[in-house]
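Asks: Residues per chain, in single letters:
Protein chains: 2
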Amino acid sequence: MKRRPYHILVCNDDGIGAAGLLALVKEMKKLGVVTVVAPDKQQSAVGHAITMNSPLRITKVFRGKKFFGYAVSGTPADCVKIAIRAILKEKPDILVSGINHGSNTSINIIYSGTVSAATEGTILGIPSIAFSLTTYDKPDFHFAAKIAGKLAAMVLRKGIPAGTLLNVNIPPVPEKEIRGVKITRQGKTRWDDTFDVRRDPNNKEYYWLTGTLEIIDTSSDTDQIAVMNRYVSVTPIHYDLTNYRSLPALRRWKLNA
Amino acid sequence: MKRRPYHILVCNDDGIGAAGLLALVKEMKKLGVVTVVAPDKQQSAVGHAITMNSPLRITKVFRGKKFFGYAVSGTPADCVKIAIRAILKEKPDILVSGINHGSNTSINIIYSGTVSAATEGTILGIPSIAFSLTTYDKPDFHFAAKIAGKLAAMVLRKGIPAGTLLNVNIPPVPEKEIRGVKITRQGKTRWDDTFDVRRDPNNKEYYWLTGTLEIIDTSSDTDQIAVMNRYVSVTPIHYDLTNYRSLPALRRWKLNA
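If you read the protein sequences in the order shown, they are chains A and B.
The opening position of the first sequence corresponds to residue 1 in the working numbering, with each subsequent residue numbered one higher.
The opening position of the second sequence corresponds to residue 1 in the working numbering, with each subsequent residue numbered one higher.
No wet-lab data here; the hints were simulated from the structure.
There's no promise every hint is true.
Treat identical chains as interchangeable: a pair holds within one or across any two.
[Claimed, not checked] Computed cross-link-like contacts, DSSO-like style, restricted to lysine-lysine with a CA-CA straight-line distance of at most 27 Å:
id : residue 1 : residue 2
1  : LYS146    : LYS254
2  : LYS150    : LYS138
3  : LYS30     : LYS204
4  : LYS158    : LYS204
5  : LYS91     : LYS41
6  : LYS41     : LYS188
7  : LYS65     : LYS188
8  : LYS65     : LYS254
9  : LYS204    : LYS29
10 : LYS91     : LYS150
11 : LYS138    : LYS158
12 : LYS188    : LYS60
13 : LYS254    : LYS138
14 : LYS254    : LYS41
15 : LYS204    : LYS176
16 : LYS150    : LYS30
17 : LYS176    : LYS254
18 : LYS60     : LYS150
19 : LYS26     : LYS188
20 : LYS176    : LYS91
21 : LYS158    : LYS89
These numbers come from a predicted model, not from an experiment.
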């Protein structure tokens, strides 16, 4: 039996003012004591960047007169490191990241700041979950927050295997249209990137990244397809990137000849 | 039989002026036609960040009067995307990233911009290799460049399984002290992060990340230990982060109750 309330660390990549973060904080307060440590500005697609060549600042953020959390002048991974190593006196029981505005399925996992915060939490030994609502348009975080609460409660009770985090993607549909929760694997997709070439007022070229996502693997057990089929997708991910299946073939290469 | 010379794309994360990049370019010119597309400034530890919310600039860089390559105002992953999608007319036969100043073994892989460039190349269907010399002090890229040439030639001949890249770490010792090349897996280490708290001239606090690396797994088949034992470490890595081993346990969770 735990003698004290759960301590929940909340982070994100959209910044400390994001609506998805507020929805997550509100829900987590039902489960325990919440500390918010989040980037002071938008940090989408920063991947697992950390700040080593410049210092970080921590600013206390208030909502009205009430203390809300700590804004950090860095990336999501920076926020988690500084929370654990410099702000908090004790390790939290769980880290939740999000709720991200936009999908973090398939190939997008590797670009995701939201997932990165949860990865850093896992590295530091904290059960961690990343939550994303798979839309940018008029996001309604009501159901996403509810499922976040349910999953966080479950992880607080059951834990997660060491070195594993949960990457959760929630379809942007009303609760009654959700078909359930599905354990998935990371899907295979590819960005068909294009660069929009424009000219600035000085007639110099600049390039803006855009593109469309191509789905390579349409299996129903992938995160991408599960969400399209209106399931909440829960994918266990880790940060051992070794491709064990290609070890035997490589070991036959005559590298020492 | 190939009718044309190999086309080699060279990228890094230390920036287009880095000594490790120059050494790699020089070696690659022995194998074919080289295009350099690299960040216009240091981009270490940016992980797999990409730039979506601001435009990118491309600047042609000359060494003396000779065209050297393209400097991009972005991350290593940006460089690879823009090289393939906007600069090059045809897909290169291989992408090499580095030679990084410093180790990219074990947990550092996920923070690495050098590895990120090779990951992005792999995503775009190009056989890709990341090279790192595991020292910051007075780096001598002579042997590292030589082994890079050998491995690149081998990959041009044999290819790499789709979706896999090679992460190569080279010990900073003279060639005669190298004990060979070893196929390894990603090691388990952890940064014992600490934040150095200082005060600026206005007496405001700032935080600087520092720390030491703790080795958790001391097996000789890991990248970290192989390099310590003076082997060149070659690790096949991929970007499917699914932890397949934890799928069965999670599927027993009553998530739809």
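Asks: Take the hints in turn and mark each one as holding or not.
Replies: Here's how the hints hold up against the structure:
no.: 1; hint: LYS146 <-> LYS254; result: between (55 Å within a copy, 16 Å between copies)
no.: 2; hint: LYS150 <-> LYS138; result: within (23 Å within a copy, 53 Å between copies)
no.: 3; hint: LYS30 <-> LYS204; result: neither (53 Å within a copy, 35 Å between copies)
no.: 4; hint: LYS158 <-> LYS204; result: neither (57 Å within a copy, 42 Å between copies)
no.: 5; hint: LYS91 <-> LYS41; result: within (25 Å within a copy, 36 Å between copies)
no.: 6; hint: LYS41 <-> LYS188; result: neither (30 Å within a copy, 32 Å between copies)
no.: 7; hint: LYS65 <-> LYS188; result: neither (47 Å within a copy, 45 Å between copies)
no.: 8; hint: LYS65 <-> LYS254; result: neither (68 Å within a copy, 41 Å between copies)
no.: 9; hint: LYS204 <-> LYS29; result: neither (50 Å within a copy, 31 Å between copies)
no.: 10; hint: LYS91 <-> LYS150; result: within (22 Å within a copy, 47 Å between copies)
no.: 11; hint: LYS138 <-> LYS158; result: neither (34 Å within a copy, 49 Å between copies)
no.: 12; hint: LYS188 <-> LYS60; result: neither (40 Å within a copy, 35 Å between copies)
no.: 13; hint: LYS254 <-> LYS138; result: neither (56 Å within a copy, 31 Å between copies)
no.: 14; hint: LYS254 <-> LYS41; result: neither (50 Å within a copy, 37 Å between copies)
no.: 15; hint: LYS204 <-> LYS176; result: neither (51 Å within a copy, 51 Å between copies)
no.: 16; hint: LYS150 <-> LYS30; result: within (11 Å within a copy, 59 Å between copies)
no.: 17; hint: LYS176 <-> LYS254; result: between (59 Å within a copy, 19 Å between copies)
no.: 18; hint: LYS60 <-> LYS150; result: neither (29 Å within a copy, 53 Å between copies)
no.: 19; hint: LYS26 <-> LYS188; result: neither (34 Å within a copy, 36 Å between copies)
no.: 20; hint: LYS176 <-> LYS91; result: neither (37 Å within a copy, 47 Å between copies)
no.: 21; hint: LYS158 <-> LYS89; result: within (24 Å within a copy, 53 Å between copies)
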